[in-house]
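There are 6 protein chains.
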Amino acid sequence: MPHRSIQQFREDRAVGQQALINCDHLGVKRFLRLDSATYEDGALPAKTKELLGLVASAVLRCNDCIDYHLEQCVKLGHTKAEIIDALNVALVVGGSIFIPHFRHAMLSLDELLGEKP
Amino acid sequence: MPHRSIQQFREDRAVGQQALINCDHLGVKRFLRLDSATYEDGALPAKTKELLGLVASAVLRCNDCIDYHLEQCVKLGHTKAEIIDALNVALVVGGSIFIPHFRHAMLSLDELLGEKP
Amino acid sequence: MPHRSIQQFREDRAVGQQALINCDHLGVKRFLRLDSATYEDGALPAKTKELLGLVASAVLRCNDCIDYHLEQCVKLGHTKAEIIDALNVALVVGGSIFIPHFRHAMLSLDELLGEKP
Amino acid sequence: MPHRSIQQFREDRAVGQQALINCDHLGVKRFLRLDSATYEDGALPAKTKELLGLVASAVLRCNDCIDYHLEQCVKLGHTKAEIIDALNVALVVGGSIFIPHFRHAMLSLDELLGEKP
Amino acid sequence: MPHRSIQQFREDRAVGQQALINCDHLGVKRFLRLDSATYEDGALPAKTKELLGLVASAVLRCNDCIDYHLEQCVKLGHTKAEIIDALNVALVVGGSIFIPHFRHAMLSLDELLGEKP
Amino acid sequence: MPHRSIQQFREDRAVGQQALINCDHLGVKRFLRLDSATYEDGALPAKTKELLGLVASAVLRCNDCIDYHLEQCVKLGHTKAEIIDALNVALVVGGSIFIPHFRHAMLSLDELLGEKP
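Residue numbers (this note's numbering), protein chains in the order written: chain A, 4 to 120; chain B, 4 to 120; chain C, 4 to 120; chain D, 4 to 120; chain E, 4 to 120; chain F, 4 to 120.
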């Protein structure tokens with residue numbers, strides 16, 4: 004996988020998300036709402052749940068989902084060391100097949116941290 | 004995943020398919036024939052089986068396979084609403100990890116429907 | 004996997020389903036409602052969508068999900084030949100790793116068809 | 004999957020673990036040590052990492068791994084509500100194919116909480 | 004997963020295989036023949052291809068398929084050390100989620116080696 | 004997936020690998036060392052284990068991993084026919100969902116063989 008910059012990811016995602024919202028299917032709309040609600044504060048704080056979403060995305064090996072949750076993790080205040088420690092759990096559980104995605108995640112993470120004021 | 008247009012998919016697929024056919028392995032050749040035969044009319048009509056191939060490709064999250072079956076589904080007369088209803092099954096069974104592929108599928112589907120005379 | 008009879012599946016599922024409903028989490032409750040709604044008549048008829056659910060469960064290799072959708076497919080009037088034709092799509096897309104689940108599905112299907120009046 | 008009690012899981016796991024340790028392969032031994040070290044306090048506390056291990060096991064759909072991490076989560080003081088909130092992330096990311104494993108996890112969790120003094 | 008003995012696996016498999024053969028679907032029959040032919044001597048010897056089948060089954064985490072290929076590997080003369088070295092590749096590529104299946108494989112392997120005259 | 008040339012793969016991989024090494028996490032470093040050691044001569048020769056790594060990567064459908072192991076297989080002297088025979092095992096075990104990756108692998112393999120002196 005050639006690396007895609009976070010900026011490019013955001014632009015591509017926005018176009019695709021619009022196409023998805025346009026699909027006008029009640030089940031899809033409900034799923035998207037349910038998905039957003041999942042990461043709000045509950046018995047666990049949002050900050051922890053974004054880390055769970057990141058690791059789930061990592062072992063299922065989806066770069067778009069990894070980039071999305073990385074952005075949320077940085078926004079909610081997780082440090083670089085914490086995020087790497089979480090991705091290390093994904094590496095051990097998911098195995099070396101995760102390594103190309105780990106490389107991608109590290110490049111994305113550096114970009115995201117570089118954006119912070 | 005940056006979106007790839009259907010036209011680009013067809014060109015890339017043609018090059019790769021030629022390389023695969025050139026591999027000159029009896030087992031591979033038989034598998035390719037078996038694969039084609041799978042979607043012909045049988046106890047179930049081809050039109051239904053292309054929908055099954057689409058949903059199987061969707062939950063296994065392969066954009067090339069999704070694009071291929073989308074093209075067949077449109078060719079065999081499935082409406083946009085039917086295809087979205089099928090992809091919604093994939094979304095619920097396969098979870099939010101399918102969302103980036105769902106976005107891709109919607110962009111591909113719009114292209115495919117735009118090609119129809 | 005030792006085969007489990009449909010009757011045993013129903014009993015085990017009922018116990019587990021009660022434990023799941025007891026978990027009292029709004030997100031989980033919403034997901035379960037969304038899941039049920041997915042297979043109701045829409046742009047595609049319920050009968051087709053149960054077949055899609057079956058093939059999705061088959062390529063993701065979950066025997067409980069296979070048994071559940073087999074039961075619905077039989078209830079909605081799919082013939083044995085139609086169900087096998089659908090599972091053959093799962094076999095080709097998902098590969099020989101699906102064979103043990105295909106064996107399980109055939110034993111379940113025979114039980115389900117034997118129950119019909 | 005018929006539910007297996009936590010007590011039975013522990014006994015089966017002990018027998019298998021002994022067979023694995025007996026295999027006398029340097030790479031395997033190193034992997035097992037690396038695996039244990041993964042969940043020790045680091046940039047993230049052990050308590051959070053066990054939750055990450057649970058969600059990773061959940062979306063990859065391995066009941067043995069789910070039971071193992073559930074036991075650790077309970078031991079490290081996570082409440083029932085927190086564990087369910089974590090499993091709900093797995094449900095949304097991983098989809099309805101996770102439901103049979105969620106049922107299993109709820110039965111295991113009730114057993115584990117019932118053991119607490 | 005409670006361990007199932009090789010003898011029990013063979014009996015369960017025979018019953019399921021008969022049900023599969025009875026399904027009387029041309030595509031399924033062809034797939035089963037193609038599957039058998041895959042492991043015959045070709046550019047690579049059968050002995051190597053059974054090891055490939057074992058590792059593929061291992062990372063896809065199917066105990067029935069693991070047991071089947073273990074039996075073939077032992078029959079074709081692979082030593083215990085060679086089989087463990089192959090499974091170690093699966094462990095590193097596939098991650099700790101493979102560990103419960105590795106335990107199962109070691110118990111099966113001991114049974115299979117104990118059967119040898 | 005648009006095909007990426009082996010040369011481009013090497014450049015992208017080098018950048019990502021550096022970012023991964025920079026992450027400065029003891030668990031990650033240990034995993035990377037363990038990963039390299041896995042493919043060294045042991046009970047099985049390195050040449051066989053690279054083939055196992057290739058098939059594992061193939062059924063888990065990771066193009067970067069496929070390219071990496073293809074390069075090693077060619078370097079260690081496997082012929083084109085042997086590599087295709089190994090990938091055919093992946094095709095049968097993993098199913099038609101592997102076909103787009105098989106196409107990619109054939110293009111990569113032709114490039115790699117073309118580089119040989």
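Rather than coming from a laboratory, the hints here were simulated on the basis of the structure.
Do not rely on the hints blindly, as some may be mistaken.
A pair holds if it fits inside one copy or across any two, identical chains being indistinguishable in the list.
In silico DSS-like pairs for lysine-lysine, Cα to Cα no more than 30 Å straight-line [unchecked claim]:
(1) 32 / 83
(2) 32 / 119
(3) 119 / 83
(4) 119 / 78
Being a predicted model, the structure only gives us computed values, none of them experimental.
Homomeric proximity label, residue 32 with residue 83: Cα distance no greater than 30 Å: This pair counts as between: shortest inter-copy Cα distance 16 Å, intra-copy 34 Å.
Within, between, both or neither: residue 119, residue 83 at alpha-carbon 30 Å: The answer is within: 12 Å in one copy meets 30 Å, while 36 Å across copies does not.
30 Å Cα threshold - placement of residue 119 relative to residue 32: So residue 32 and residue 119 pass the 30 Å test across copies only (27 Å; inside, 32 Å).
Homomeric proximity label, residue 119 with residue 78: Cα distance no greater than 30 Å: For residue 119 and residue 78, the Cα distance is within 30 Å only inside one copy (9 Å; across copies 37 Å).
When held up to the earlier numbered hints, the structure conflicts with none and fits them all.
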